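A.B. asks: Construct the complete structure from the given sequences, taking the supplied hints into account.
Here is how the chains run, residue by residue.
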Amino acid sequence: MARVFNPPLAELVGARKRYGRQVALDGIDIAVRGGELLALLGPNGAGKTTAIGLLLGLLDADDGSARLFGESPHSLAARRGVGLMLQSAGIPDTLKVRELLELTRSYYPDPRSLADCVALAGLDGLIERRYGKLSGGQQRRVQFALALCGRPRLLFLDEPTTGLDIEARQGLWKAIRELVADGCGVLLTTHYLEEAESLADRVVVLNRGEVVASGTVAEVRAHVSQRRIRCQSSLSVARVAQWPGVRSASADGERLEIVADAAEPVVRRLLAEDAGLSDLEVQRAGLADAFIELTREAA
Amino acid sequence: MDAQVLHPHSSLRSYGLEAKYEFLRLWRTPSFALPSLLFPILFYVLFGVVLAGGRGGAEVARYLLATYGVFGIMGSALFGFGVTIAIERDNGQLEYKRALPMPPGAVLLAKMAMAMLFAAITSVLLAVVGGVFAGVSLAPWQWVALFAVNVLGVLPFCAVGLLIGSLVSGSAAPAFVNLVYLPMAFLSGLWMPLTMLPAFIAKSAPAWPSYHLAQVALKVVERDAGGPLWLHFGVLAVVTVGCFMLARRRLAAAR
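Read top to bottom, the protein sequences are chains C and E.
The numbering of the first sequence is this note's numbering, which starts it at 1 and goes up by one.
The numbering of the second sequence is this note's numbering, which starts it at 300 and goes up by one.
Hints are supplied without guarantee of correctness; some may be wrong.
Claimed, not checked - Here are the simulated DMTMM-like pairs of lysine to aspartate or glutamate, each with C-alpha atoms no more than 20 Å apart in a straight line:
hint, chain 1, residue 1, chain 2, residue 2
1, E, K396, C, E36
2, C, K174, C, E36
3, E, K396, C, E99
4, C, K174, C, E99
To be clear, the hints were calculated from the coordinates, so they are not data collected in a lab.
Computed from a predicted structure; not experimentally measured.
C.D. replies: As structure tokens, this is what we get:
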């Protein structure tokens, strides 16, 4: 194969982690490569935090392995290639943004200049302010700047846009896309599915410590093959619900809503049986539907 | 300033900055800095200068200069370590720092350096009050030795603070530290000489690490109870290493 060799920057291989009797991760495989954004999705308690903890060397796997740049995550040299934004990170309120950046930059061998950090994270005018005096959204931006100030090859972003307004969120998305385009690998965990849908090259869905789906956004979405069909029609709901390929049908007055395995045969029959049909609309499942379906199936 | 670093990355700058910002954080937290620095001085002025002024003033002032020094540095070590570690454990700061490529031990070393700096300030302020206002006169080597005892004496209490910080929550830590700090200070004769306290307190005083540090400081001003120095150093070393090891285990197990 004439593919450029692109080894994983971070990977879990058969990683298992137990807390007492509770299994947090049940032998999962994850790999993040340069120039790609991997979104780790899953409900609370699915094992996302544990997976990140293993990759950052905060936890040790009971079984299997965690590697950062091919080394143990405990290695300082390996962690120097990593930038991180943790949702749970406490950052000292009394320090100024400039001081926080100066300290975190000192951990890295070849950090970004202060001016670059300010520009990338949109910190104009905040640099001399104390962290504790900033708004929630401004604090998120500072955390993002701290994550990228070391010029990392790999970024861990744990719920990076929680509490941001739409404009700020899109600003951050733009910055993340630029970093990925520059060859940075990103592991993103998020509750916002549209965030994963908009940013991710690949998605891993975790539930109860297991990988229930992984692949591109389109592949994960394809796990849910159903289509949602809406239309104005005089056909009786009870009859439509009996058609082959129809999973369910409901009506709100004249408005029919049908969930079908495949849209085409159902639409063809709808049009054939009701010449007066209008407002036809067909939707494929989004990542959100796939996600709900996948985590429910596994439950 | 921002020259490209082409030589191997040095961690020294990180250690330095970590200590600098640890100090700035506490300095900007008046609820820590003011009591830590002012209480020992105020107490010393009150008991060592004002109340003792009448009879045997300089004698009492000499004894209390040594013990209030120990009292003061104990406070900044216990609060600076115990309370800050507990809070940082609670709010995720310790974990975040562990995940960052921070050079090993930088947080602990920074807190230690900070405790020593606060101890140095306390020590100098007390020396000024004692020397200028309370008429304490010591040989130059005694002033220097007292300063050294105060600055190095923070280590066992940093370890005790670390252990407390690894055990209790951030919100409980200040109360818990006071519960250890104030009785221990009283029971080991830091506020008033043990000879003025009931016999059973004087007898049980050697159970406290603060007693042993106070005896070292008192030996410098020639007012100690006569115990051998090696014993005091031995107890302080055991307390330091023991608390540090227990705290390490506890901090590692917490995650």
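A.B. asks: Next, verify each hint and record whether it holds.
C.D. replies: Hints, verified against the model:
{"no.": "1", "hint": "E/K396 - C/E36", "verdict": "26 Å, violated"}
{"no.": "2", "hint": "C/K174 - C/E36", "verdict": "14 Å, holds"}
{"no.": "3", "hint": "E/K396 - C/E99", "verdict": "15 Å, holds"}
{"no.": "4", "hint": "C/K174 - C/E99", "verdict": "26 Å, violated"}
When held up to the earlier numbered hints, the structure conflicts with 1 and 4 and fits the remainder.
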